[in-house]
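A.B. asks: Here is what each chain is made of, one letter per residue.
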Amino acid sequence: MRYSYMPGCSLLSTARGYDTSARAVIRELGSELVELEDWNCCGANAIESVSYLLSVALPARNLALAELSNRELVTSCSSCFLNLFKVNHRLQREPPLRGRLEEILAAAGLRYSGKCRVRHLLDVIANDIGVQAVANRVERNLSGLKVVPYYGCQTVRPYGEYDGPYLPTSMDRLIEAVGAVPFPYLWKTRCCGGILMTTEKAIGMSLVSELLAAAQGADCIVTVCPMCQMNLDAYQREISVQLGVRIHMPVLFLTQLLGLAFGLSERELLLDQNIVPVSGLLRQLQTV
Amino acid sequence: MAEKTFNLTRDMLDHTFADLVTPDREKLLTCIQCGTCTASCPTAYAMDYTPRQLWRLIQLGLKEEVLTSNSFWLCTACYLCTLRCLRGIACTETMSTLKRMAVSMGMEKLSSSARFYEAFRDTVRRHGRLHEVELMATFFGRAKRLGAMGYTRLGFTLWRKGKVSLDASAVNIRGLDQIEAIYRKVEELEAKP
Ligand code: SF4
Ligand code: SF4
Numbered sequence: 001m002r003y004s005y006m007p008g009c010s011l012l013s014t015a016r017g018y019d020t021s022a023r024a025v026i027r028e029l030g031s032e033l034v035e036l037e038d039w040n041c042c043g044a045n046a047i048e049s050v051s052y053l054l055s056v057a058l059p060a061r062n063l064a065l066a067e068l069s070n071r072e073l074v075t076s077c078s079s080c081f082l083n084l085f086k087v088n089h090r091l092q093r094e095p096p097l098r099g100r101l102e103e104i105l106a107a108a109g110l111r112y113s114g115k116c117r118v119r120h121l122l123d124v125i126a127n128d129i130g131v132q133a134v135a136n137r138v139e140r141n142l143s144g145l146k147v148v149p150y151y152g153c154q155t156v157r158p159y160g161e162y163d164g165p166y167l168p169t170s171m172d173r174l175i176e177a178v179g180a181v182p183f184p185y186l187w188k189t190r191c192c193g194g195i196l197m198t199t200e201k202a203i204g205m206s207l208v209s210e211l212l213a214a215a216q217g218a219d220c221i222v223t224v225c226p227m228c229q230m231n232l233d234a235y236q237r238e239i240s241v242q243l244g245v246r247i248h249m250p251v252l253f254l255t256q257l258l259g260l261a262f263g264l265s266e267r268e269l270l271l272d273q274n275i276v277p278v279s280g281l282l283r284q285l286q287t288v
Numbered sequence: 001m002a003e004k005t006f007n008l009t010r011d012m013l014d015h016t017f018a019d020l021v022t023p024d025r026e027k028l029l030t031c032i033q034c035g036t037c038t039a040s041c042p043t044a045y046a047m048d049y050t051p052r053q054l055w056r057l058i059q060l061g062l063k064e065e066v067l068t069s070n071s072f073w074l075c076t077a078c079y080l081c082t083l084r085c086l087r088g089i090a091c092t093e094t095m096s097t098l099k100r101m102a103v104s105m106g107m108e109k110l111s112s113s114a115r116f117y118e119a120f121r122d123t124v125r126r127h128g129r130l131h132e133v134e135l136m137a138t139f140f141g142r143a144k145r146l147g148a149m150g151y152t153r154l155g156f157t158l159w160r161k162g163k164v165s166l167d168a169s170a171v172n173i174r175g176l177d178q179i180e181a182i183y184r185k186v187e188e189l190e191a192k193p
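From first to last, the protein sequence lines stand for chains A and B.
To convert, note that position 213 of the first sequence is 213 in the numbering used here; the numbers rise steadily by one, no gaps.
To convert, note that position 3 of the second sequence is 3 in the numbering used here; the numbers rise steadily by one, no gaps.
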């Protein structure tokens, strides 16, 4: 299957490893991500806090561009996913919005019907490609590896479009499909604090500390959101100092884990860009 | 949560308030104060008023008390309250509206968040995409925030790992004129009463 693909801003910078591994893994699975040409920022969590109309219009430009290709639009960022999905949802629920959006897009020479289907990369892998196809592609034994499936909030909320909004299971099933063990983790969809890590750091730090503490005993965490990955990965040294215990928990993108199972190299998955080193994890893989 | 007593006077109450902050006033009025939203909220512990308390203040029309609180600034839009509210109240959306209203009335308590969102908006207007280094520089400049040093260290780590580039124009999209047209039109529509 071919999809239009919008990586989102973070995947061009801090989450480059996600973009690279996502493209590689989807290729290995026989599908194709065709990058949407000239996509723009969808507004993340920030724009709705300054302008309601802008929070609809920015993602709508991408949908207008994607609609021209007749393909479904896939994004790997949970925040992009929610913003894009919400445009369609709101157009259906809030009739006056349609006219206003039409007027805004027309000013940019664009139009959008409201019909482009929006998908999260996790949904595509788990439900289109499927667990069996993923299992069939495995070349490297990950058995015994204990992996926390951390979904974060906006991956499945509020709509729960393709998985349960409280306790989703799609990532768990993919972890099992590659032979690893999903670590029992009740805080799968607990929020990582998002931008609070920047604006109100003490609160962000406490949320992330709790998530990391609950993950102790696992070998690594996997996520499908660049914001979650950054928050969980980048502050572990500081948190260790604060808590007085050493926290060392590699945080991978789901596609990096799948890529490892498919026998892709560390380089092909940009694993060297993760902040908490994954070298210990890789050594562990060689011995299982 | 400590109790707070109000000496209510009529001019403290604004009965149009609920209409302005939530997409469905009738629904907000059906809040039964069960506290499920608060129990779901990862940041309620740090809020001046918990989500449940905030809805009650809105019902009463205590506009200034609500808008000058830190509560909605700590909302991360995790949507758990919205999902769980048995009355179907659009809690998260209401939190976003409160952020916009507090800024437009100059009442924001946690100005760091407000400055962050504005810096984000302006960066996207300039480039069509987010440039994280420019965003952080603008944010720490405008928020006059200590703590920039901590982020400089993190920024250095990210740069060394090859994760961020310093050249903001590298992220520019070709359709910047379309982005500008969208921003202008939105400003025009939002300026109308
Ligand atoms: S969960 Fe809904 S009904 Fe219960 S207190 Fe919160 S807003 Fe009110
Ligand atoms: S959406 Fe906001 S108010 Fe609701 S539970 Fe999450 S952080 Fe709290």
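Think of the hints as simulated: they come from the structure by calculation, not from any bench.
Treat each hint with caution, since some may be false.
To be verified - No more than 30 Å apart at the CA atoms, straight line, and that leaves these computed lysine-lysine pairs for DSS-like:
| id | chain 1 | residue 1 | chain 2 | residue 2 |
| --- | --- | --- | --- | --- |
| 1 | B | Lys4 | A | Lys115 |
| 2 | B | Lys161 | A | Lys86 |
| 3 | B | Lys27 | A | Lys115 |
| 4 | A | Lys146 | B | Lys161 |
| 5 | B | Lys27 | A | Lys201 |
| 6 | B | Lys27 | A | Lys86 |
| 7 | A | Lys86 | B | Lys185 |
| 8 | B | Lys4 | A | Lys86 |
| 9 | B | Lys192 | B | Lys27 |
| 10 | A | Lys201 | B | Lys109 |
Here the structure is a predicted model, which means the values were calculated and not measured.
A.B. asks: With reference to the structure, classify each hint as holding or not holding.
C.D. replies: Results for each hint:
no. : hint                : in the structure
1   : Lys4/B - Lys115/A   : violated (49 Å)
2   : Lys161/B - Lys86/A  : violated (34 Å)
3   : Lys27/B - Lys115/A  : holds (29 Å)
4   : Lys146/A - Lys161/B : holds (27 Å)
5   : Lys27/B - Lys201/A  : violated (34 Å)
6   : Lys27/B - Lys86/A   : holds (21 Å)
7   : Lys86/A - Lys185/B  : holds (21 Å)
8   : Lys4/B - Lys86/A    : violated (37 Å)
9   : Lys192/B - Lys27/B  : holds (27 Å)
10  : Lys201/A - Lys109/B : holds (16 Å)
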